[in-house]
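Colleague: Protein sequences appear in the order of chains A and B. Taking the numbering used here, I'd label the letters of the first sequence as residues 1 to 273. Taking the numbering used here, I'd label the letters of the second sequence as residues 1 to 354.
The hints are simulated quantities; they were obtained by calculation from the structure and are not laboratory data. Every residue, glycine too, gets a C-beta built ideally from N, C-alpha and C. Any given hint could be a false lead.
[As the list claims (entries may be wrong)] One-sided excerpt, in silico: chain A residues whose CB lies under 8 Å from chain B:
#1 Lys-117
#2 Ala-162
#3 Asp-173
#4 Ala-176
#5 Ser-177
[Unchecked claim] Counterexamples of contact, computed for chain A against chain B with all Cβ distances above 10 Å:
#6 Ser-16
#7 Gly-23
#8 Phe-252
[As the list claims (entries may be wrong)] Label-pair distances were calculated between CB atoms; the ranges are:
#9 A:Trp-248 <-> B:Asp-165: 52 to 62 Å
#10 B:Glu-174 <-> A:Ser-108: 20 to 30 Å
#11 A:Pro-89 <-> B:Arg-54: 19 to 29 Å
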Amino acid sequence: MTAVPRRLLQMAPGVSLATLLTGFIIVPIAAVFLWAFAEVWRYPSLIPTQWGFRFWAAMLSRADVWAALRTSIALSVIVTLFSALICLPAAYAFARLEFPGKSALLLSFLATQAFPKFGLYIAIASIFFSLGLVGTFAGVVLIQLVNTLLLMIWIPVGAFQAIDRRLEEAARDVGASATRTFLSITLPQAGPAIGAALLLTFVGTFYETEGAFLIGAPHVRTMPVLMISLINNQLVVQYGAVLSVMLWVPSFIALLFARKILSARAIAGGLGA
Amino acid sequence: MSELVIDRLSKHFSGTRAVADVEVAIDDGELVCLLGPSGCGKSTVLRMIAGFERPTSGRILIDGEDVVALPPDRRPTGMVFQSHALWSHMTVFQNVAFGLKLRRLSRAAIREKVAGVLDLVGLTGFEARYPGQLSGGQQQRVAIARCVVLEPKILLMDEPFSALDAHLRVRLREEVRAIQRRLGLTTIFVTHDQEEALTLADRVVVMRSGTVEQIGSPSAIYAEPATRFVAGFIGTMNIIERQVTGGLAKLGDTRIAVDGPDGIYGFALRPEDLSLGGAWSGEVQRVLDLGAFRMLDVTVSSETIKVQVDKSVRILVGDEIGLDIHEVAAFDGEGRARPARVHGTIESGVRLHA
């Protein structure tokens, strides 16, 4: 056997894996993009036969689309902020303090994820209903907060635990108060991981559908909820595609922004890779 | 710049005694080493002085004022950590300036002080580097600068050089000693390296299982160990157990007079306090050439002891040699030192019944 076929043979698994991944990831995304700008696309053409922005114009002229986009962005920002305010100090306590029931409590955050989500939402929805929170923005914020707990606690706990305690002691030693030490030393040291957690929380909230639908309907409609109702009412592929591209824009901007301040390695590190 | 008094300091960790009734008084400008094996409580003592551990009982007085109730940021102490604990997200300048900024100094004053202290540790020009871009020795210099720039009343050093290689360790040790003398800093230096303690310290505190075994100058610790533990821990020491009867013991043909009750005693002999030519004979098992001198492993009376001889002495493995004892220390059953001296050989004195 010559050297070249052997090398090809060695490369075969990697090449086929790459092809497979491309097929599963790139092709659907490409199809969505093509559909978003297609006015006429009939079998058996490989690409749309007529291009245009007709469906974009139709979408962007709808007031409910703009309202939903505003709602989604406001919701994601507020949920991420509240989640950080609640979870970061809690994560620090989990990482640094010893108290009874610590590991059980930490595991309980995992339990909310292990439940079938829909069942949990129904139970919460019935409570919210009696509190008058159903159909309100506050109600949606609360249900989304539940969702974010796991990420915003577990990732920062790992990050805080990874920080050498002596770094904090050294800060106290030169005269920094406990608060100042947390702000000037601990937070920056855990920065990349916390950045990753914030980003994942923001994007996760932006796309969350079930909770937002159950609690928010009919008054509060986020982008994904709007998309469902649009598709349910009239199955026009282009509406879905245009909305998908629009939904994709904020998270893409968030990721770009994240790339600037975080290296891919830091994100991986934050996720415990 | 200040005096430190440690008064009956104790620390219990969930029932176990880490430090028990430690008492040390340290003079202004003095450098004292806490020396002992790992787990002897020396670092815990240091961490209690810095304020990272709360004592179970006892007082820590700095210039007469008890600081036990103060948090670390309110204590006039500065600590250099073994892991140097530099803040990796800050530059060298920011690391050193952090404590000064907390003290609300003007920008100009901060720049001046940082420049001064970086000059002191030989790191001028490294201001903009991050700790990750420095070598281990440079990182430890930054850690020292970060401490010294705040002019602490008490400088605390927790095995600061144990992560560095031997050459660098010796050099930094000398530099730290020079800086400490120049600034007159009262310093406590924790180490498990007896050579470091003996070369650096004005006084050495030898610790074991949370208690102080001996406090003294390096030469006193070496020449007159107060306990059997100190004798074994400092330098190379042969310890041989013998029965003492009527104030006398026998090491080969040498009689040792001991001032104490009868019982089993440990007799400590330094390799350099033994010489060739005596009647205590044994076989050479190993010859170690250490450059300036040779160290022999000799089997005498079924025990192996170390003997230091001049490098000019020609001895081979397997040779039969006789040893002469010049100095000896004796420790009773509790490990405490008892006065002892060589009382002459059996030939020269009264014959004993073995």
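Colleague: The structure should be examined with respect to each hint, and the outcome stated for every one.
Modeller: Here is what the structure says about each hint:
The interface hint given for A:Lys-117 is broken, as the beta carbon of that residue sits about 38 Å from the closest beta carbon of chain B, more than 8 Å. Among the interface hints, the one on A:Ala-162 is violated; its C-beta lies about 12 Å from the nearest C-beta in chain B, farther than the 8 Å criterion. Restraint check, A:Asp-173 versus chain B: the minimum CB separation of about 5 Å is within 8 Å; hint holds. For A:Ala-176, the interface hint holds, since its Cβ comes within 8 Å of a Cβ in chain B; the closest pair sits about 6 Å apart.
The beta carbon of A:Ser-177 is positioned within 8 Å of a beta carbon in chain B (closest approach about 6 Å), and the interface hint is therefore held. Interface exclusion of A:Ser-16 from chain B stands, the closest Cβ pair being 40 Å apart, more than 10 Å. The claim that A:Gly-23 is not at the interface with chain B holds, since no C-beta of that chain comes within 10 Å of its own (minimum 41 Å). The beta carbon of A:Phe-252 is kept farther than 10 Å from every beta carbon of chain B, the shortest such distance being approximately 28 Å.
Our hint of 52 to 62 Å for A:Trp-248 and B:Asp-165 holds, since their Cβ atoms are close to 54 Å apart. A hinted range of 20 to 30 Å for the beta carbons of B:Glu-174 and A:Ser-108 is inconsistent with their spacing of about 56 Å. Hint check: A:Pro-89 to B:Arg-54, Cβ distance near 23 Å, so the stated range 19 to 29 Å holds.
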